[in-house]
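Residue numbers (the working numbering), protein chains in the order written: chain A, 11 to 243; chain B, 11 to 243; chain C, 11 to 243; chain D, 11 to 243; chain E, 11 to 243; chain F, 11 to 243.
FYI, nobody ran anything at the bench for these hints, they're computed from the structure. Careful: at least some of the hints might be erroneous.
Same chains, same names: a pair is fine if it fits in one copy or spans any two.
Said to hold, decoys possible - Here are the simulated DSS-like cross-link-like pairs (lysine-lysine), alpha carbons at most 27 angstroms apart as the crow flies:
| hint | residue 1 | residue 2 |
| --- | --- | --- |
| 1 | Lys128 | Lys30 |
| 2 | Lys240 | Lys205 |
| 3 | Lys176 | Lys165 |
| 4 | Lys165 | Lys30 |
| 5 | Lys236 | Lys161 |
| 6 | Lys176 | Lys30 |
| 7 | Lys171 | Lys205 |
6 protein chains.
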Amino acid sequence: MKIRVIIPNSSRDFLESQVKQRQNAVGKEVFVDVMCLNHGPVSLESGYDEVLASPHLVNAVLKAEEDGYDAVTIDCAADPILRTLKEIVDIPVIGAGEASYLCALALCKKFSIITVLKNTVEIIKDNIDKYALGQRVASVRTANVPVLELKDHQKAFNAIKEQAIKAIQEDGAHAIVLGCTGMSSLANPLQNELKVPVIDPAVSALQLAVVMLNMNLTQSKICYCKPIDKTVL
Amino acid sequence: MKIRVIIPNSSRDFLESQVKQRQNAVGKEVFVDVMCLNHGPVSLESGYDEVLASPHLVNAVLKAEEDGYDAVTIDCAADPILRTLKEIVDIPVIGAGEASYLCALALCKKFSIITVLKNTVEIIKDNIDKYALGQRVASVRTANVPVLELKDHQKAFNAIKEQAIKAIQEDGAHAIVLGCTGMSSLANPLQNELKVPVIDPAVSALQLAVVMLNMNLTQSKICYCKPIDKTVL
Amino acid sequence: MKIRVIIPNSSRDFLESQVKQRQNAVGKEVFVDVMCLNHGPVSLESGYDEVLASPHLVNAVLKAEEDGYDAVTIDCAADPILRTLKEIVDIPVIGAGEASYLCALALCKKFSIITVLKNTVEIIKDNIDKYALGQRVASVRTANVPVLELKDHQKAFNAIKEQAIKAIQEDGAHAIVLGCTGMSSLANPLQNELKVPVIDPAVSALQLAVVMLNMNLTQSKICYCKPIDKTVL
Amino acid sequence: MKIRVIIPNSSRDFLESQVKQRQNAVGKEVFVDVMCLNHGPVSLESGYDEVLASPHLVNAVLKAEEDGYDAVTIDCAADPILRTLKEIVDIPVIGAGEASYLCALALCKKFSIITVLKNTVEIIKDNIDKYALGQRVASVRTANVPVLELKDHQKAFNAIKEQAIKAIQEDGAHAIVLGCTGMSSLANPLQNELKVPVIDPAVSALQLAVVMLNMNLTQSKICYCKPIDKTVL
Amino acid sequence: MKIRVIIPNSSRDFLESQVKQRQNAVGKEVFVDVMCLNHGPVSLESGYDEVLASPHLVNAVLKAEEDGYDAVTIDCAADPILRTLKEIVDIPVIGAGEASYLCALALCKKFSIITVLKNTVEIIKDNIDKYALGQRVASVRTANVPVLELKDHQKAFNAIKEQAIKAIQEDGAHAIVLGCTGMSSLANPLQNELKVPVIDPAVSALQLAVVMLNMNLTQSKICYCKPIDKTVL
Amino acid sequence: MKIRVIIPNSSRDFLESQVKQRQNAVGKEVFVDVMCLNHGPVSLESGYDEVLASPHLVNAVLKAEEDGYDAVTIDCAADPILRTLKEIVDIPVIGAGEASYLCALALCKKFSIITVLKNTVEIIKDNIDKYALGQRVASVRTANVPVLELKDHQKAFNAIKEQAIKAIQEDGAHAIVLGCTGMSSLANPLQNELKVPVIDPAVSALQLAVVMLNMNLTQSKICYCKPIDKTVL
C-alpha cells in the first residue's frame with residue numbers, strides 16, 4: 011500500500027519533521043511518501059494562496075496516480091480545491107480538514123477547530139457549510155499564529171491551548187480539531203493537558219486513506235464527475 | 011460608473027453576442043466592458059476547469075481594479091473562486107450565480123436552477139450549501155446541453171423548458187434560475203412561455219454590481235480578508 | 011420608470027427628509043414618489059401596529075398599481091404583510107427588510123441587524139425564519155431607540171454604533187443591516203466609522219425594485235397567488 | 011373555565027355545526043363560546059383575506075379578554091396574525107394551526123398537512139418555517155376544495171383522503187393534519203379509514219387552551235411584547 | 011379515563027408528594043395512578059441509568075395497557091427509551107420531556123431547559139436533535155443539583171432560578187422548561203418570580219395524555235412499528 | 011492491538027462467517043475477537059429488541075474493557091444504546107452505523123442507507139437526526155428482508171440492489187451504505203455491479219476503531235460523562 015502525502019505549499023522549513031511524523035503515523039506495511047510543492051506560496055492562509063497553489067496541486071495529484079500510488083492525502087486543513095482533486099483521479103483523495111472532522115464526529119457531539127489566523131476562519135467555515143457539518147461544530151477559533159511561526163512550538167502550544175480552553179468552557183466544545191497540519195506534533199501534548207480528544211488533521215487524513223484502501227473504496231464518480239476533455243488555451 | 015464583466019473562459023464563440031447583451035442590460039450611464047480570458051479552458055464544466063481558469067481569472071480581476079473599474083462581475087453561474095476574488099480587491103466583485111439566487115429570493119420562496127450538465131450539478135449544490143440557501147432551492151436540474159452547444163438556441167430552449175416544467179410541477183419551484191451565463195438570451199423567451207420568473211445570472215450580476223456602487227457598498231473585509239504578502243516560489 | 015415608495019405609517023415628521031433621500035438614491039431616469047399613510051399608527055413597533063396599518067397599506071399598494079406605477083417599495087424594515095402585498099398586484103413589491111438582507115448576502119457571510127426596540131426583535135427574527143436566512147444572520151440587536159426618536163441623529167448614531175461594534179466583536183457579524191428605514195441617513199456615516207458594510211434598507215428596496223424592472227421580473231404568482239374574489243361583509 | 015373560540019371569517023354557513031362540535035370537544039366544566047366575525051371575508055384563503063379580517067379579529071380577541079374569558083382559540087388553520095394576537099392580551103391565545111402541529115409532534119416523526127387550495131399552501135409553509143418545524147413536515151398538500159365547499163362532506167372526505175394516501179405513500183407522512191378548521195368533522199372518519207392519526211386543528215386548539223389554563227401558563231411577554239401606546243390617525 | 015404515570019426510577023423519597031401533585035394536576039374525571047419502578051436505579055442521570063431502568067420500564071408500560079389504562083405518561087424529562095415504549099403498546103405514551111417542549115412551543119419562540127447535572131445535558135440535547143427542535147431551544151443549562159437533592163426545595167429553587175435568569179438574559183430564552191420531573195413543585199413559584207412561563211414536564215405529560223384521549227389519538231404505528239415476535243434467549 | 015467486536019444479538023447462524031469476515035478485514039497486527047450475546051433477541055429490528063439486548067450489551071462492553079481489549083465495535087448498524095456504551099468505558103467504542111456514515115462522508119455528498127425492514131427505517135432516521143447528518147443523507151430505504159433471511163445471499167443481493175438503484179436514480183444518492191451488519195459480505199459484489207461506493211458498516215467500525223487506537227483517541231468524557239455510582243434496586 012503506497013500513499014502520497016502532498017503538502018500543498020512550497021515551504022521546506024517543516025518538511026523533514028513532517029516526513030518523519032507522517033511516516034511514523036502508520037504501520038510499516040504502508041509506504042508513505044511526503045512531498046511539498048516546488049512552486050506556489052510558502053503557506054496557505056487565504057483563498058488567494060489556494061489559487062496560486064492549485065495548478066501545482068492538481069499536477070501533483072495527477073502525478074501521484076501516474077506514479078502508481080494507491081491514495082493521496084492533501085496535507086492542509088483548509089482542504090484546498092478538494093472537489094477538483096477528487097474529480098481528476100480514481101484513487102482516493104482525502105483532505106486533512108475533512109478527515110479530522112470525521113474523526114471528531116466519532117468522538118463527540120460538538121468540536122471546535124483552532125485555525126492559524128483570522129484570515130482562514132471563514133475559509134474553514136465555508137468548508138463546514140459545504141460539508142453540512144455546522145450543527146456539530148461549536149466554534150472556529152484562531153490561535154493568531156501564522157503558519158510559518160508554528161515552528162516555535164512553545165508559542166504555538168500556548169496559543170492553541172488558550173483558545174482550546176475557551177472553546178471548551180465558553181463554546182461548549184467536547185473535542186479540539188487542530189486547524190492546520192503544521193500543528194501536528196502538538197496534538198498529543200495538548201490532549202494530555204486538555205483531557206479532551208485533540209485531533210491532528212494530517213494523521214487523520216493518512217489514517218482515513220488507509221481505511222479507504224482497506225475497504226476498497228474511493229470517491230463516488232457520480233458526485234465527483236471526471237472532467238470532460240476540452241480545449242485549453 | 012465603469013464595470014468590467016469577466017467571462018472566465020477562453021471561448022470567443024459567444025463573445026460578440028454576450029458583449030451586446032450585457033451592455034444593453036444596463037443604462038447608458040454605466041460603462042460596461044466585457045472580456046473573456048486569453049488562456050484557460052473554453053468552458054467551465056468541472057472543478058478542474060475552474061482550477062485551470064483560476065490564475066487567469068485572478069489576474070483579470072486584479073487588472074480590472076488597476077484599470078480603474080468600479081466593480082467586476084464574474085460572468086459564470088458556477089461562481090468560480092468567488093471567495094478569492096472578493097479577497098484580492100477592494101471594488102465589489104459579484105458572481106453571476108450568487109446574484110441570480112439573490113434576485114430569485116426576492117421573487118419567490120423556492121426556485122430551481124437549470125444547469126448545463128450532470129457534471130456541474132454538485133458544483134452548484136456546493137455553492138448553495140456554502141451560501142446556506144438550501145431551504146430556498148427546490149432542485150438543481152440539468153438541461154444536458156454542454157456550454158458550447160448552447161449556441162443552438164432552439165435546442166437549448168427546448169431542453170431548459172422541459173426541465174423547468176418538471177421543476178415547477180414535480181419539485182415545487184416558483185421561479186427558474188438559469189444555471190449558465192451562456193443561457194442569457196433565453197431568459198425572456200422562457201419567461202414568456204413558462205409564466206414564472208426566469209432569471210438570467212449574467213444580467214443579475216451586472217444589476218447587483220450597479221446596486222452596490224449606487225449604495226457605496228463593497229464586500230466586507232472581515233469576511234474576505236486581504237491576503238497576506240508572502241514568498242511564492 | 012416610476013416607483014412608489016410607501017412608508018407604512020402616518021408620521022410626517024421624517025417625510026420631507028425621506029422624500030429627498032429616497033429620490034437622491036436613484037438616477038434621474040427613475041421617477042420616485044414617496045408617500046406615507048393618511049391613517050394608521052405613527053410608527054410600526056409591534057405586530058399590532060402592523061395590523062392597524064395593514065388595510066391602509068393594502069389600499070396604497072393597490073392604488074400604486076392603478077396609478078400606473080411600475081413597482082412599489084414598502085419602506086419599513088419589518089416587511090409588514092409583505093406576502094399579502096405581493097399577492098394583490100402584478101407589479102414588483104419589494105420590502106425594505108428583505109432587500110437589505112439580500113444586499114448583505116452579496117457582501118459577507120454573516121450580518122447583524124440593529125433594530126429599534128426589544129419589541130421588534132422577534133418580528134425581525136420571524137421574518138428571518140420565514141425567509142430561511144437564519145444561517146446568515148449573526149444576531150438581531152436593539153438600539154433601544156423608538157422610531158420617532160431616531161430624529162435625534164446623534165443619539166441614534168451612538169446607540170446603533172455601540173450595538174454594531176458588539177455585533178462585530180461578540181457575535182461575529184461581517185456587516186450591519188439597519189433595522190429601520192428611519193435610520194437611513196445614518197448608513198454612510200456609520201460605514202465610515204465601522205469600516206464594514208452598513209446597509210440602508212430603504213435604499214436597498216428602491217435599488218432592488220429598479221433591478222426587477224430592468225430585468226423584467228416580478229414576484230412569482232405560483233408563490234403569491236392572486237386572491238380569489240369573495241364576499242366581504 | 012371560559013374559552014372563546016373565534017372563527018376569523020364572516021360565514022355563518024358552518025357556524026351551527028361548528029358551535030356544537032367545539033362544545034362537545036371539551037368537558038362540561040369548560041364553557042365554550044364560539045363566534046365568527048361580523049365583518050370581513052366569508053373565508054380565509056389568501057394573505058389578502060387575512061388582512062381584511064385582521065382588524066376585526068384583533069377586536070374580537072381584545073373583547074374576549076374584556077368579557078372575562080380565560081383563553082381564546084383562533085379557529086383557522088392558517089393562524090392569521092397570531093403573533094399580534096398573542097401580543098395584545100394576557101390570556102392565552104392558541105392558533106388552530108400551531109395547536110394541530112404540536113399534537114402531531116407527540117404522535118409521529120413526520121406529518122403532512124392537507125390544506126384547501128393551492129393558494130394557501132405557501133401561507134401554511136411560511137408558518138411552518140416561522141415555527142421552525144420544517145424537519146417534521148413531510149409535505150403540505152392541497153385537497154383542491156375551497157373552504158365553503160367543504161360543506162359537501164362526501165366530496166371533501168374523498169378529496170382529503172386521496173391526498174392523505176399520497177402523503178403517506180409518497181411523502182413519508184406518519185400522520186395527517188387537517189389544514190382547515192372547516193374539515194373538523196372529517197377527522198374521525200378519515201382516521202378510521204386511513205389507520206394513521208388524523209388531527210383536527212379546531213379541537214387541538216381548544217384542548218391546548220385547556221392545557222394552558224390547567225397549567226397556569228400563557229404566552230411569554232418577552233417574546234410577544236405588549237404593544238406601546240401611540241397615536242393612530 | 012384512566013392514566014398511569016410511570017416514574018422510571020426506584021426511589022420512593024419523592025413518591026408521596028409526586029402522587030399528590032400529579033393527581034391534583036388533572037380534574038376528578040381522570041383517574042391517575044402514579045407508580046415508580048421496584049427495580050432499577052434510584053434516579054436517572056446517565057444513559058447507563060436508562061439502560062438499567064429500561065427492562066423494568068418496558069414491563070411497566072406493557073402492564074399498564076394490560077391493566078386497562080387508557081394512556082401512560084413517562085414521568086422523566088429525559089424521555090428514556092421513548093421510541094420503544096411507543097412501539098410496544100397501542101395506548102398513547104407521552105414522555106415528560108417531549109410534552110414540556112410541546113407546551114413551550116405554544117408560548118414562545120425560544121425556550122431554555124434547566125437540567126439537573128452536566129451529565130444529563132447531552133442526553134437532553136440528543137433528544138432535542140432527535141425531535142428536530144434545536145431552532146427553538148435557546149440553551150440547555152444545568153442547575154448542578156443531583157435528582158435526589160432536589161428534595162431540598164430552597165436549594166433547588168435558588169439554583170434553578172440562577173440558571174433561568176442567565177438563560178433569559180444571556181441566551182435569549184423566552185420561557186423556561188424544567189428539565190427534571192423532580193422539579194415539578196417549583197414551576198409555579200419560579201414562574202411567579204421570573205415573570206416568564208415556567209413549564210413542569212410531569213404535568214405537561216399528563217395534560218397532553220388527556221388531550222390525546224379527548225381527541226381519540228395515539229402514536230402512529232407507521233412511525234412506531236409494532237415489534238416483530240422473535241426468539242429471545 | 012486487541013479489538014472486541016460485539017454483535018448485539020444472540021443468533022449464532024451468521025457467527026462463523028462473521029468471525030472470519032471481520033478478522034480478514036484488518037491486518038494481522040490487530041487481534042480481533044468477535045462475539046455475540048448469550049442472551050437477548052436473535053436479531054435487532056425494533057427499539058424493543060434493543061431494550062431486550064441492552065443489559066447484555068452493557069455487560070459485554072464492560073467485560074471487554076476488563077479483559078484488556080483496546081477498543082470495542084458494536085456490530086449493528088442501528089447503533090443500539092451507543093451513547094450509554096461510550097459513557098461506561100474509557101476505551102473507544104465505535105458503532106457500525108456511525109462508522110459507515112463517516113466513511114460515506116469522505117466519499118460523496120449524499121448517500122442512501124438500505125435497511126432491512128420498514129420497522130427499522132425510523133430507528134435509523136432518529137440516529138441520523140441525533141448525529142445531525144440529515145443534509146448528507148439522500149434517503150433511507152428498506153430491502154424488505156428480515157435480518158435472519160439475509161443468509162439467503164442471492165435474495166438479499168437482489169433486494170438491496172433494487173433499492174440501491176432507486177436510491178441512485180430517484181433520490182440522488184452518490185453512494186450506498188448497507189444498513190445492517192448482516193449484509194457485510196454483499197458490499198463488494200454490490201459495489202462491482204452498482205459502480206458507486208458501497209459501504210459495509212461492520213468493517214467500517216473495525217477500521218475506525220483501528221484509526222482511533224493509532225491516533226491515541228477515545229470518546230470525549232465531557233460529551234459522554236462517566237455514570238455516577240448510585241443505588242440500583
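Each hint tested on the structure:
For the identical chains of this complex, Lys128 and Lys30 are neighbours neither inside a copy (29 angstroms) nor across copies (41 angstroms), given an alpha-carbon limit of 27 angstroms. Within a single copy, Lys240 and Lys205 get their C-alpha atoms only as close as 53 angstroms, which misses the 27 angstroms cut-off; across copies the closest is 25 angstroms, which meets it. Taking the shortest Cα distances, Lys176 and Lys165 sit within 27 angstroms of each other inside one copy (17 angstroms), while across copies they are farther apart (29 angstroms). With identical chains, the CA atoms of Lys165 and Lys30 are at most 27 angstroms apart within one copy only, with a shortest distance of 22 angstroms there and 50 angstroms across copies.
In this homomeric assembly, Lys236 and Lys161 come within 27 angstroms of each other (Cα to Cα) only across copies, at 24 angstroms, whereas the closest approach inside a single copy is 39 angstroms. Taking CA atoms no more than 27 angstroms apart as the test, Lys176 paired with Lys30 passes in neither setting, with 32 angstroms inside one copy and 45 angstroms between copies. For the identical chains of this complex, Lys171 and Lys205 are intra-copy neighbours only, at 11 angstroms inside a copy versus 31 angstroms across copies, given an alpha-carbon limit of 27 angstroms.
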